[in-house]
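**Q** Here's the letter readout for the chains.
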Amino acid sequence: MDIDRYERLWIMLSAAVLLSLFLALVYSVYALDIRLVDDAGQVDPATAAQTPPFDEPGVYQEGPGRYRVVMVARAWSFQPAEVRVPAGSDVTFQVTSLDVIHGFRVPYTTINQMLIPGQVSEFRFRFAEPGEHYLFCHEYCGVGHHTMQGRIVVETAATGAR
Amino acid sequence: MATTTLERSFWQALPKPRARTGFWSWVTTVDHKRIGILYFWTALAFFLIGGVEALLIRLQLARPEQDLVAPDLFNQLFTMHATTMIFLAIMPLTAAFFNYFIPLLVGARDVAFPKLNALSYWMFLAGGIFLNSSWVLGGPSDAGWFGYPNYSLSEFNPGLGVDFWIIGLLLAGIGTLVSGFNFIVTILNMRAPGMSLMRMPMFAWATLVTSFLIVFSFPVITVALLLLLFDRVFGTVFFDVFSGADLTLYHHLFWVFGHPEVYIIVLPAMGIVSEVLPVFSRKPLFGYSVMVFSTMLIGFVGFGVWSHHLFTVGMGPVVNTIFSLATMIIAVPTGIKMFNWIGTLFGGRLRFTAAMLYSLGFLALFLIGGLTGVMLSAAPSNTQIHHTYFVVGHFHYVMIGGALFSLMSALHYWGPKMFGRMLDERLGKVAFWTLFVGFNLTFFPMNILGVMGMPRRIYTYSAGMGWDGLNATSTLGALIMAVSILITLYNLVTSLRNGERAPADPWDGRTLEWAIPSPAPEYNFARLPNVSSRDELWVRKHPQLAEGAAVAASAESDGPAEPIAMPGGSYMPLLVSLGLFIAGYGLLYSMPVFVGGIVLSLLGLIGWGFEGDNMRIIQPGGEQ
Numbered sequence: 069m070d071i072d073r074y075e076r077l078w079i080m081l082s083a084a085v086l087l088s089l090f091l092a093l094v095y096s097v098y099a100l101d102i103r104l105v106d107d108a109g110q111v112d113p114a115t116a117a118q119t120p121p122f123d124e125p126g127v128y129q130e131g132p133g134r135y136r137v138v139m140v141a142r143a144w145s146f147q148p149a150e151v152r153v154p155a156g157s158d159v160t161f162q163v164t165s166l167d168v169i170h171g172f173r174v175p176y177t178t179i180n181q182m183l184i185p186g187q188v189s190e191f192r193f194r195f196a197e198p199g200e201h202y203l204f205c206h207e208y209c210g211v212g213h214h215t216m217q218g219r220i221v222v223e224t225a226a227t228g229a230r
Numbered sequence: 371m372a373t374t375t376l377e378r379s380f381w382q383a384l385p386k387p388r389a390r391t392g393f394w395s396w397v398t399t400v401d402h403k404r405i406g407i408l409y410f411w412t413a414l415a416f417f418l419i420g421g422v423e424a425l426l427i428r429l430q431l432a433r434p435e436q437d438l439v440a441p442d443l444f445n446q447l448f449t450m451h452a453t454t455m456i457f458l459a460i461m462p463l464t465a466a467f468f469n470y471f472i473p474l475l476v477g478a479r480d481v482a483f484p485k486l487n488a489l490s491y492w493m494f495l496a497g498g499i500f501l502n503s504s505w506v507l508g509g510p511s512d513a514g515w516f517g518y519p520n521y522s523l524s525e526f527n528p529g530l531g532v533d534f535w536i537i538g539l540l541l542a543g544i545g546t547l548v549s550g551f552n553f554i555v556t557i558l559n560m561r562a563p564g565m566s567l568m569r570m571p572m573f574a575w576a577t578l579v580t581s582f583l584i585v586f587s588f589p590v591i592t593v594a595l596l597l598l599l600f601d602r603v604f605g606t607v608f609f610d611v612f613s614g615a616d617l618t619l620y621h622h623l624f625w626v627f628g629h630p631e632v633y634i635i636v637l638p639a640m641g642i643v644s645e646v647l648p649v650f651s652r653k654p655l656f657g658y659s660v661m662v663f664s665t666m667l668i669g670f671v672g673f674g675v676w677s678h679h680l681f682t683v684g685m686g687p688v689v690n691t692i693f694s695l696a697t698m699i700i701a702v703p704t705g706i707k708m709f710n711w712i713g714t715l716f717g718g719r720l721r722f723t724a725a726m727l728y729s730l731g732f733l734a735l736f737l738i739g740g741l742t743g744v745m746l747s748a749a750p751s752n753t754q755i756h757h758t759y760f761v762v763g764h765f766h767y768v769m770i771g772g773a774l775f776s777l778m779s780a781l782h783y784w785g786p787k788m789f790g791r792m793l794d795e796r797l798g799k800v801a802f803w804t805l806f807v808g809f810n811l812t813f814f815p816m817n818i819l820g821v822m823g824m825p826r827r828i829y830t831y832s833a834g835m836g837w838d839g840l841n842a843t844s845t846l847g848a849l850i851m852a853v854s855i856l857i858t859l860y861n862l863v864t865s866l867r868n869g870e871r872a873p874a875d876p877w878d879g880r881t882l883e884w885a886i887p888s889p890a891p892e893y894n895f896a897r898l899p900n901v902s903s904r905d906e907l908w909v910r911k912h913p914q915l916a917e918g919a920a921v922a923a924s925a926e927s928d929g930p931a932e933p934i935a936m937p938g939g940s941y942m943p944l945l946v947s948l949g950l951f952i953a954g955y956g957l958l959y960s961m962p963v964f965v966g967g968i969v970l971s972l973l974g975l976i977g978w979g980f981e982g983d984n985m986r987i988i989q990p991g992g993e994q
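Line order of the protein sequences matches chains A and B.
For the first sequence, the working numbering gives the first residue as 69, with consecutive numbering after it.
For the second sequence, the working numbering gives the first residue as 371, with consecutive numbering after it.
No wet-lab data here; the hints were simulated from the structure.
Every value quoted in this text rests on a predicted model; they were computed, and no experiment measured them.
The beta-carbon is built from N, C-alpha and C at its ideal position, and this holds for glycine as well.
Possibly wrong hints are sitting among the right ones.
Distance windows between CB atoms, simulated [claimed, not checked]: (1) A:76 x B:931: 17 to 23 Å; (2) B:568 x A:87: 44 to 50 Å; (3) A:147 x B:830: 19 to 25 Å; (4) A:147 x B:509: 29 to 35 Å; (5) A:217 x B:619: 26 to 32 Å; (6) B:433 x A:196: 32 to 38 Å; (7) A:90 x B:868: 26 to 32 Å.
Given these sequences and hints, build the entire structure.
**A** Next up, the structure:
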């Protein structure tokens, strides 16, 4: 088929744009380690508050520079509402909702997750710099939705938990 | 008229409307043009309601920590704003133009099923009134336009608000679905001689593809809403997580409908722009056949992208990647269209009328909407901005920058044909620039706010977040948009009263609707046109400019001028929808009323089936 030179150029350019978008996707997942969250198990929301690990929400150290945050969300609070970890630590969050669908969003990070009752959400993030992050519920959950917030405090490594 | 004497004697006793003017002629009309005009004014009224809701939302968010409206009212406002704008304003406004112009564009005297068309309108009106009546009957739903369970179940959301929302949408949904079938049949079967599919104007193609999208996607939302209604009214446990239900079922059902819905709104918008740009560039549409195929491709792939609304649910990298790619692929046919529109403008003799300005505005703003859509489609970048104001900014660029701007363009372009009066060009241009500035002031800051982390659907926010200035700007923009809408309303009202009488072909148009007087007579075409070109009217006006085979076009080959049989009015469509409307309230308040409503509706259907067609024979006047 005879295709005009300019048209062929445009077709190739569009294909190149699509291809580069796809490569950017692969690159960001595997090289930049932006994790796309996977299914991390089920938990009965009626008994989740009594089921380990969600019976004791909190921050647990799992090794040098590695922490696990077990958190439950309910209308309209996170428990624990404040998380303190030292800078440079790898934090794995394990979260579920006890009532309706909530959200878990920490601006300026890659943390953005829906919390669906009955489903465990697990995701991790490396807090490199000391500072304070807000944690928002971003899935509309009723009258108190805008008050459903938490804080993540990243402390300088010296004053940290160790 | 081959009815037996027995049938005649019984069914002809049914009352049949005879009025040709006044209230009853409008209530019982089956004329596609009158139904289009009814759609237009009703949708405009709902648009104003939705607009006031939007203004209240913006005023509440203008400054941090305000309490201008109560939190629960705020939640009801954003729920009703979205529901009203999507289902009761933008979609019916496109339906107004479908109704008035599809038969004219394809050279038909009416739609395939005129009474069904009336039913579509009355179901839409019933649904709209039902939904909005919840404002005075205990308050509307506050569960968002998506109504995700389990927040929307009785356990967390007692009261009738969500029930009103479900039943209102079901009622309006019947109208939409029926309309979808009606326009598929009309476009496939009612075209004038010679109007092959590939000679149809782009707006007819857009309507055809949109109608298929409606037919395939509305049943899905109907199922989702019915399951939700059963959970709320009859105590089933489809979405009860405490009984082991999986809530993501509703997410998928909702978005299998919800994403094609975006194209149901945007494809007609693209169709309108594809009509307006050639006329005001004095050039045929560039790349017509590619435009047709990209419309189909958007419609087809549009069904395979719904999970991009659920990237943060936890579906896993494989699923997310597939839906990312499918979504990016949509950008290809959309990009093709964009370049073809630019190709249409290129080298043309441009006339910057109000209609043209709105269409050009569409090109600029829809481009931003599309590009922010591509940003959202990449799953990793999606996790930076999902459920933030970035998404709000994005889809308003699609819904307003895309749909509303094209509808405004259609109003200025086709308004003279619909109403028989020219709209004021100067006011139209002032309104365009006001809307353009106001719109960008309102919604561009939202993209930035989203990247800064402002979550959606929050009642208020703290002062220290750095969001104050942008939110104040956004509210200012919303007020400017309101001014623009008021200017357009003023233009509409004064022009329809005192405006210059519209000639048959005010814009030097290219398609068949401009071949007949303004407003179009009841029978549309005194002689059915014999079509030989995509730009039929243009070729007839300028035979020396026509290319190749198109030269044969002439009025001599049109159908014979003979008396025309047109369907008269009927009470039955109104009766059927009135019955369902009453049944809706019955379901919430009293079973006997519910049964009564259903019986009324069934009686209407039986009458519909047997009353006959009430044909009227018209002798066309001296036109043509």
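**Q** Against each hint, give a clear statement of whether it holds in the structure.
**A** Against the structure, the hints come out as follows:
Look at residue 76 (chain A) against residue 931 (chain B): about 52 Å separates their beta carbons, and that is not inside 17 to 23 Å. Between residue 568 (chain B) and residue 87 (chain A) the CB atoms are about 32 Å apart, so this pair departs from the stated range of 44 to 50 Å. At roughly 23 Å, the beta-carbon separation of residue 147 (chain A) and residue 830 (chain B) lies within the given 19 to 25 Å, and the hint holds. Look at residue 147 (chain A) against residue 509 (chain B): about 31 Å separates their beta carbons, and that is inside 29 to 35 Å.
For the pair residue 217 (chain A) and residue 619 (chain B), the supplied restraint of 26 to 32 Å holds, since their beta-carbon distance comes to about 29 Å. Take residue 433 (chain B) and residue 196 (chain A): their Cβ atoms lie about 35 Å apart, and the range 32 to 38 Å holds. Remark: the range hint 26 to 32 Å for residue 90 (chain A) to residue 868 (chain B) is contradicted by a beta-carbon distance near 58 Å.
The structure does not agree with the numbered hints 1, 2, 7 stated previously, though it agrees with the rest.
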